[in-house]
Amino acid sequence: MTLVVSRFSSRVPRRIVDLMTATHELPTNVDQTSESAQELTSAGVVAAGERLRELGAVLRLSENDALHAEREYVSDDETMIINMGPQHPSTHGVLRLMLELQGETVLRCKPIIGYLHTGMERTGEELTYLQGPTNVTRMDYAAPLFTELAFSLTVEKLLEIEVPERAIWIRMLMTEMNRISSHLLFMATNGMDIGAVSMMLYGWREREEALRFLQEVTGLRMNHNYIRPGGVAADLPDGWRDGVLRLLDMLPPRLAEYDTLMNQQPIWRERLQGVGAITAEECLALGVTGPMLRSTGYDWDLRRDMPYLAFDQIEFDVVVGSYGDCFDRYAIRLAEIHESMKIVRQCLEKMPKGDYRIQDKKVTPPPRARIDESMEALIHHFKIFTEGFKVPEGEAYVAIESPRGELGCYIVSDGSSKPYRMHVRAPSFVNLQSLPHLMQGSLVADAVAIISSVDPILGEVDR
Amino acid sequence: MTDVDAQDGEADIPIEVAPETLFGVLLTRSHEQLVLHPTRDEYAGLLATLQADGYHSIIDLCGVDYLTNFSRELPPGITPERFEVVVNLINHREHARLRLRVQISESDPVLPTAFGLYAGSEAMERETFDMFGIAFDGHPDLTRILMPEDWIGHPLRKDYDIGRIPVQFKGAPANR
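So the protein lines, in turn, are chains X and R.
Terminal number for the first sequence in my numbering: 827, no gaps in between.
Terminal number for the second sequence in my numbering: 1592, no gaps in between.
Chain R with its partners taken away, still in its complex shape (with noise of 0.2 Å):
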């Protein structure tokens, strides 16, 4: 529903039967929102062509971690890896929204930060990083935000060890 009005920007978007693409980057639809899926490669270059194109703000960015469910549906021509980051833009006078899905390979899990056009997304990147261990190349301070200094793991991969802390007075018999 939100995006009724990203519809207008689609209009001048040709619609061909081969792969979709804007910006020169892919592009697929998920009910109705318009997602590009740039490589990584591609990232630094997409971010400063739709700053330019009047996506002014970074809404959002989070990662996902995808280690039990290789068979999403992406285009044809993006290999599914690990990791997802998932960006989301705004234009605000075209009232559009984009959202970006990078795909981060787990043996190499490095993306370039957005931070020198996007100075919003200091925190949203180190919560990334804190949660996914997803390293942005480029990032002023680079640091754990939600956990510990000294914690180790990333507590929102599907791997990590939800158990690994026992809980207190657990299985403690009741007090009558």
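Looking at chain X on its own, in the form it has when it is part of the complex (with noise of 0.2 Å):
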């Protein structure tokens, strides 16, 4: 394959390398930034240059097909760039995208991300690792499980302790409930965003049915902190079974009058089929993963390629779409639904019995009882609650799939309690990437559609 080596320096025209320096030019202090430099910038000058930015790296465009790109370019005063957001009903949270129209054509785009920032990572630092996950699981607020974990794998790597088999499925059954509830979450905004309106209530119907079944065993709708470093933090209430078995009962006719309601209403595949396309080679250079890579045909699921927790020992479908666009990835994530459930019934009947946490003392808290009649059990509790444990020095990196694609986590410790740095790859940030792309030459409303077909959750964007 062909390979473009540093477009920006030799292979690119003099002229554009000037245009683009003119205005963002490469900060020497880097204490300062210029103003309004984050947004996107009028047509007329910097054309050339955004454009190479947008199609050349993505495309692997030779100069030739660049150039012929920037020819096509209409003038300055035949385009207006209008602000979509910070706080429109449809941008998912609070994400601003700038659009350079003409007539109802946009020919760019920019999200603007960072208003939801907390810095999540830097509080990282400060948390011991027993309470990272009260932090973690507040970035995907839609699938909070998984971030916890991703971040519990990475501390149970970095402590090279194995938890028992049955917080393992517990742990599966849980995200992949986590999962369905999620992708029913997507369901009713993506309808909501379309138009679909009476779609955006069933999906928030179902969703808090999956809910109700996360708050019987976490004790919280959402923000579990359940999944915790050696474990989960308690184990399946008595009646559990019934919960999964109600819920599994229940989706399946629901789901098919999904499928009545959407895919055989032929105003909703109009809106959908065709819009925003993208090819398998453009998301593996932009990075992105989740249903958006499999929407194209790609075959690529970390939970059967690169299995954690249990997954190679369960049987379950990777879905993928053909064409990559936005009514493929809502396809497959209607599916996905179908499959996770799949895998919860397997959860189901294979769940162990055994313990629910590792039983190492410097690790898990004891249980309440014991700290009544043990001193051991006592100081254990009053260390692992004020200093917390101590984690081995070294570095690791653990990625599970995640409903929007691949979470990682990557820890480094320095040997005390808390993360020396604590990063997590978030999906949604890296998946948002491609709305540029995604955008060009749609129609302004289909704008709306293709942010929902990527289904964002800006707490994980900006962490």
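It is worth saying that the hints were derived from the structure and are not from the lab.
Small disclaimer: the values here were computed from a predicted structure and weren't measured.
Note that the Cβ used here is the ideal one computed from N, Cα and C, for glycine as well.
Heads up, a few of these hints could be off.
[What the hints assert, rightly or not] Stretches of chain X that chain R covers, calculated by requiring three or more beta carbons in the stretch to come under 8 Å of a beta carbon on chain R: (1) 483–492; (2) 663–671; (3) 681–687; (4) 739–751; (5) 756–769; (6) 784–798.
From these two lone chains plus the hints, build me the complex, please.
Put into structure tokens, the structure is as follows:
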């Protein structure tokens, strides 16, 4: 394959480089950034450079093609830059988009993020490993258990401990339940964005049922802090099987209704089919993962291809699309609910007996009853909750398949009880990069459908 | 656990007593994960080699500030510097992952951009610039991404003053 090395230094025509550096001067003093540099620049002077940035690197255009793409460009007075957000109902949180329009056609787009930035990675450095999940669970608030899982798996890798079988299966059960609820939320918001408002109500209704189960087990609807280093916080409560079965019985007819309501509806298909298409090559170049990557027909799912937990003992199918458009991304998520139900059913059958957390006194707090009778248990309890447990020096990266794509956690430990550096590779953050690419040449009305189909969770984007 | 498959890729790597190398770059293992330690000069060339070798996708790029932890374990020949840029690449065909750790000095925090090879690094490099003040030479749009444009300082640096901005109403008497 041909490689394009350092497009912006040698192979780009001198003129374009000049134009780019005119507005985006490479900061020599890194403490300072120029005013308004985050925003979309006007189409005139930087058009060529921006165009090259948006198309060139992704499509691996040759210099000629890039110049051709530049020539197609319309003049400045025919276009208009508008602002969408940061508080637009369809931007799924506080996302701001700057769109350059010619009539109703989107020529360029630039997502501007950071409105929900609360420095969670920094906060993670101030919390002990036991407190860590309370922090990371607030990143992806639609699928909180996944971030907890990624964090816990990374800590366990650093500690080099194996959690008990039952904890592994509980984690699988709970995360798949969470995947169902997250995809149901997508169904709801996607419907709302496109104008199928009744779908919103149905989606929220079913999600509430899924959350009810999560609440029965963890005590909270969201931000559970349930999966912790060493296992899970509590065993499954009595009657959890009934809760799972109720959901598994309830969902199939409801999903069949979704199918009737949306897949068989010409307006729905017209709004989504062929809109916001992306190819597998572009996805890989942009680092896009999850349902978006699979919608292009690229067969990749970490649960099957680089299995974690006990996914290698589970039968399920990886759903792929073929066109990479909004409809495929919607259809894949709908189908993934069915696959998750399959996994949940297998968890139900195979759930082993045993401990729900590792019986290592240095990592797990002792059971409440032991504290009353054992001095040692009390000391361990006190030490773990005040000081936390120490994690050996080292660094590790563990990735899992969240409903939005590859969710990874990178932790550097200096041997103390707090992470030296905790970084979360958020799938929404990376997937959002594809927006300018997806939107090129589409209509303003489709912009909403496209944002929705990326399914970004802004809490995770900004962290 | 995720790197079970990565071991398939390890099979053809010769096991030596001398410092291990892969693609001509020092290699270490951290919890069964392969870590490469290119120097700043080797970085761009290594990325091109890896891209050609099937590592088509950049998964992650982040910075680490080792201001208070210079004693970390590094292969011989690599001088610990204050900053590190950590890059995660994935090879979908061989189900393999590679991690690159590049040392960046405090006096000259600049690294060539990976953007020409991996377009997906754009936002990640901006985030690293924003949080650590590490500049990426050749990046098309190196501006702050999470912090406001006029923000001063880089919040994830270890010497960033956390309590600098006073918290409103903190210490105010309770309302009863």
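Hints violated by the structure (numbers, ascending): When the structure is compared with the hints, numbers 3, 4 turn out to be violated.
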